[in-house]
Structures are given as structure tokens and as C-alpha cells.
Amino acid sequence: MPNASKRVADVIQARLENLTRAERQLADSLLDNYPVSGLGSITTVAENAGVSTPTVARMVQKLGYRGYAEFQAHLHQELEATLSNPIAKHDRWASNAPGTHVLNRFAEAVMNNMRQSLGELDTASFDEVAGLLADQRRSLYFVGGRITGALAEYFFTHMQVIRPKTTLMSSNTSAWPQHVLNMNPGDVLVIFDIRRYEADMATLAQVAKAGGVEIVLFTDEWSSPVSKHARHCFKLAVEAPSAWDSSVVTLFVVEALVEAVQNSSWAETRERMNTLEGLFEQARLFRKPR
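Note that the UniProt record's numbering has the sequence shown beginning at 1, numbered continuously upward.
By construction, these hints were calculated from the structure, which means they are not laboratory data. Please note: incorrect hints may appear among the correct ones.
Stated by the list, open to error - Using 30 Å as the maximum straight-line C-alpha spacing, the simulated DSS-like pairs for lysine-lysine come out as follows: (1) K62 to K6; (2) K209 to K6; (3) K235 to K165; (4) K62 to K235; (5) K235 to K209; (6) K165 to K6; (7) K228 to K209.
Claimed, not checked - If you anchor each label on the Cβ, the simulated ranges turn out as follows: (8) N274 to F106: 55 to 63 Å; (9) G278 to R24: 27 to 35 Å; (10) S170 to G211: 42 to 50 Å.
Note that the coordinates shown come from a computational prediction; the quantities given were computed from them, not determined experimentally. Think of the CB as a built atom: it goes at the ideal place given N, C-alpha and C, for glycine as much as any other residue.
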């Protein structure tokens, strides 16, 4: 039986090479509108993929599930997890909360998130993203949603010190077309999209990718629909004993990328920082010790 913490989509992707041609056709159909495409009856799923019902049954068992019912139960659990509102999340945690202090519960959850995320993070992909962000021939765009917009702004604030050609996009979707108009092939769009995924993010990613823009996605372990369009996807653990998802691991990866980028071009970054400090001095932005 597959690891319960792994998405069905990840299990399918990991075993694609072992599938027959018909099973790969079924896998493509399931991943195309995931997870909704797998929520119908076994007959409906087979018809939508253009394969036989026995093909569905065989592939499900090849993936490690005991049968179609167990396979579909995992999909339902994933869907419930991604659609949970803050009240539902709070109630789920509260009903199982141990008697320890909230600080201890949070610390344990965050450390588990960190271990899980680092264990699954591809360092080669991390290095490639750092390279994309450091390439000054490319313009960088950052965007997040209602909550994750703060993470996008934090990332942008640091990157605009390190290098030119950086833009923070508003969470207001009406402003996006103007930014997309300015994007060129090879530019990089960094998107933050955590469950409950914001519907317009996938549209933005699709349009930008069609124009040759490289998409870098920060999401959770269940993965935003934007992942279909992303060249690089950081799927990070976000569960916390709270009504809200945790941003600790996401911020950790963001700060590690900031360090990787500034370290790759430190001489130029240092010069920009010195110039910026001079501007701060002229503007008397910060208090000086007497």
C-alpha cells in the first residue's frame, strides 16, 4: 500500500515507467483534471480515458492499492484536505490536540513539516531555480494570493535589492494582463498558491507559460493546479495545529534561495547594497545612534 502521506498523483508519476501503454493513457487522463477525474465510477473513469474497465482495476493494483474503492478513498481524502476552510482545519486539530502547550504543539508540527519537506526537496531543482533567479537577462515577477501575497512581497523585497528587473504583481487579478503583456520568453514568474487554491492562478500560469515564461511554484503537499504549468514546483508541508496553514517551511526555502542568489553574484549585490544604503542615508530612513 502506498504511503498515506503521498498524493495519488505522486504515486502515479513515480510508477509511470512500469505501466503499459493503455495504463499510461489512463494515467494521463487521471492527471489531466486531477483529482476530479478519478472520482467517478470505475466504468466512467475507463470511458473517459478510452480504456477498458479491467485496465483501471489492474493499474490501481499495480500502484499498490488493494482495489478501486481504496484508490478512490485516497482521492476523496486529498480533496477534503485541500478544500477544508479555516474552521474545519481548527476543529480537526482541536479534537485531537494533546494536553501540551500550544508552543510545543506548534514546534513539533513545524519540525515535522521541515523534515518531511527537506526529505522530498530536489536539490538539483533548487539549484536550477536559484540559477534562473540569478540570471539578469530574465525579468522576475512575483505573485501570491490573499494570504500568500505576503510571501511573494517578502521574496520580491529581497530580490529587488540583489538584482534589477524585478516586479511584484498585485493580488488583484485585474492588474495581471498588463504584467503579462510585459513578460518575454525566458522571464520567470514565481507563484505562491496554497490550498484552497485561487482559481485565477492556474489561468495566469497557463497564459504566461504559453508566452514562454518559466513558472516557479510554491505550494503545499497536495499541490496547486498551477503545478501542471510549472517548470519547478516546491511542494512543502504546511499542516499546523491551527485554523491556518503554516508558512514556516515556505519562508525557509525562500530565504535559502535569497542567500543562494545573492551569494552567486555577491560583488554586484554588495555594490547595489552600498548604493541603496547611500540612498537610505539621504532619505534619513533609519534612525542613527546618538
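Hint check results:
{"no.": "1", "hint": "K62 to K6", "verdict": "holds (16 Å)"}
{"no.": "2", "hint": "K209 to K6", "verdict": "holds (27 Å)"}
{"no.": "3", "hint": "K235 to K165", "verdict": "holds (26 Å)"}
{"no.": "4", "hint": "K62 to K235", "verdict": "holds (25 Å)"}
{"no.": "5", "hint": "K235 to K209", "verdict": "holds (19 Å)"}
{"no.": "6", "hint": "K165 to K6", "verdict": "violated (37 Å)"}
{"no.": "7", "hint": "K228 to K209", "verdict": "holds (10 Å)"}
{"no.": "8", "hint": "N274 to F106: 55 to 63 Å", "verdict": "violated (39 Å)"}
{"no.": "9", "hint": "G278 to R24: 27 to 35 Å", "verdict": "violated (59 Å)"}
{"no.": "10", "hint": "S170 to G211: 42 to 50 Å", "verdict": "violated (19 Å)"}
Consistency note: the structure conflicts with the earlier hints numbered 6, 8, 9, 10.
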